[in-house]
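Please put together the full structure from these sequences, using the hints given.
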Amino acid sequence: MGGTYEPIDSVRGITNKSSGKMGLELAKEAYIRGADLTLVVANVTVDIPSVFDVIHVETGNEMNDVILDVVSGYDIFISAAAVSDFEFKKRENKIDSSSSLFLNLKPTTKIIRQIKKINPGIFLVGFKAEFNISREDIIGCAKKQIDDAGTDLVIANDISRDGCHFGSDNNEVLIVGGDGDVLPVSLASKKEIAKAIFDVISEKI
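With the numbering used here, letter number 110 in the sequence shown gets 110, and the count goes up by one each step, no holes.
If you are wondering where the hints come from, they were derived from the structure by calculation, not from laboratory data. It cannot be assumed that every hint is accurate.
[As the list claims (entries may be wrong)] No more than 16 Å apart at the CA atoms, straight line, and that leaves these computed lysine to aspartate or glutamate pairs for EDC-like:
| # | residue 1 | residue 2 |
| --- | --- | --- |
| 1 | K110 | E62 |
| 2 | K110 | E87 |
| 3 | K28 | E192 |
[Said to hold, decoys possible] If you anchor each label on the Cβ, the simulated ranges turn out as follows:
| # | residue 1 | residue 2 | range |
| --- | --- | --- | --- |
| 4 | C164 | R12 | 21 to 31 Å |
| 5 | S100 | D47 | 36 to 46 Å |
| 6 | D69 | G163 | 31 to 41 Å |
| 7 | S202 | T15 | 17 to 27 Å |
| 8 | S50 | R135 | 34 to 44 Å |
| 9 | V11 | R33 | 34 to 44 Å |
| 10 | I205 | S100 | 49 to 59 Å |
| 11 | R33 | G121 | 12 to 22 Å |
| 12 | S10 | A35 | 18 to 28 Å |
| 13 | I159 | D65 | 21 to 31 Å |
| 14 | C164 | D199 | 13 to 23 Å |
As the structure is a prediction and not an experimental result, all values here were calculated from the model. Backbone N, C-alpha and C define an ideal beta-carbon position, used for all residues, glycine too.
Laid out in structure tokens, this is it:
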């Protein structure tokens with residue numbers, strides 16, 4: 001959960017505005033329903049209750065290594081983190097700020113595409129955030145993730161919509177199933193959305 005941080009040099013880096021709020025509400029709902037869970041946590045703005053087993057990471061590669069090490073022991077994996085899509089090919093000491101800077105980026109490993117290779121029987125839930133695209137296109141992006149990663153469920157949303165941006169307390173999502181079902185969830189608190197997601201998971205596992 002949360003956003004990863006990719007260093008540019010010894011003092012700078014890139015990240016995103018993911019707060020970890022959705023991940024935390026999912027963890028709380030799972031705990032209420034009796035799950036034994038582990039949180040893999042990057043950069044968040046929320047306070048995580050001490051009742052949870054937490055593994056802290058910073059970069060996408062660190063998150064990848066941790067998840068691949070532990071995922072074989074679980075029945076459900078929910079990929080709610082905002083993992084950076086890019087990292088830097090070369091990390092240097094502090095870059096001189098007096099000159100122009102061009103960044104050489106390479107794609108990061110797609111964690112979600114590796115999960116079922118390690119644990120084929122796991123119930124895999126992905127998230128897909130898009131920006132200012134149509135409902136049909138959002139569903140299409142979710143279905144592409146299902147095809148690419150074997151996700152059983154994708155929580156898709158448009159972060160350009162009012163009240164649905166990174167860090168907001170609310171969201172509006174489409175819960176897209178691998179069987180083609182699409183359940184729209186109107187603007188609601190992330191706590192209520194977490195309940196809706198687990199209701200669907202409970203029906204499908």
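Outcome of the hint check:
1. K110 / E62: It holds: about 13 Å lies between the C-alpha atoms, which stays within 16 Å.
2. K110 / E87: 12 Å, holds
3. K28 / E192: 11 Å, holds
4. C164 / R12: 21 to 31 Å: For C164 and R12 the Cβ distance comes to about 29 Å; the hint holds.
5. S100 / D47: 36 to 46 Å: Once the Cβ atoms are compared, 40 Å apart, the range 36 to 46 Å for D47 and S100 holds.
6. D69 / G163: 31 to 41 Å: 37 Å Cβ-Cβ, so the 31 to 41 Å window holds.
7. S202 / T15: 17 to 27 Å: Cβ of S202 to Cβ of T15: about 34 Å, so the range 17 to 27 Å is violated.
8. S50 / R135: 34 to 44 Å: The hint (34 to 44 Å, Cβ to Cβ) holds, given that S50 and R135 are roughly 40 Å apart.
9. V11 / R33: 34 to 44 Å: Holds, at about 43 Å.
10. I205 / S100: 49 to 59 Å: 53 Å, holds
11. R33 / G121: 12 to 22 Å: For G121 against R33, whose Cβ atoms are near 20 Å apart, the range 12 to 22 Å holds.
12. S10 / A35: 18 to 28 Å: For S10 and A35 the Cβ distance comes to about 40 Å; the hint is violated.
13. I159 / D65: 21 to 31 Å: 28 Å, holds
14. C164 / D199: 13 to 23 Å: The hinted range 13 to 23 Å holds for C164 and D199, with Cβ atoms some 20 Å apart.
Comparing the model with each numbered hint stated earlier shows that hints 7, 12 do not hold.
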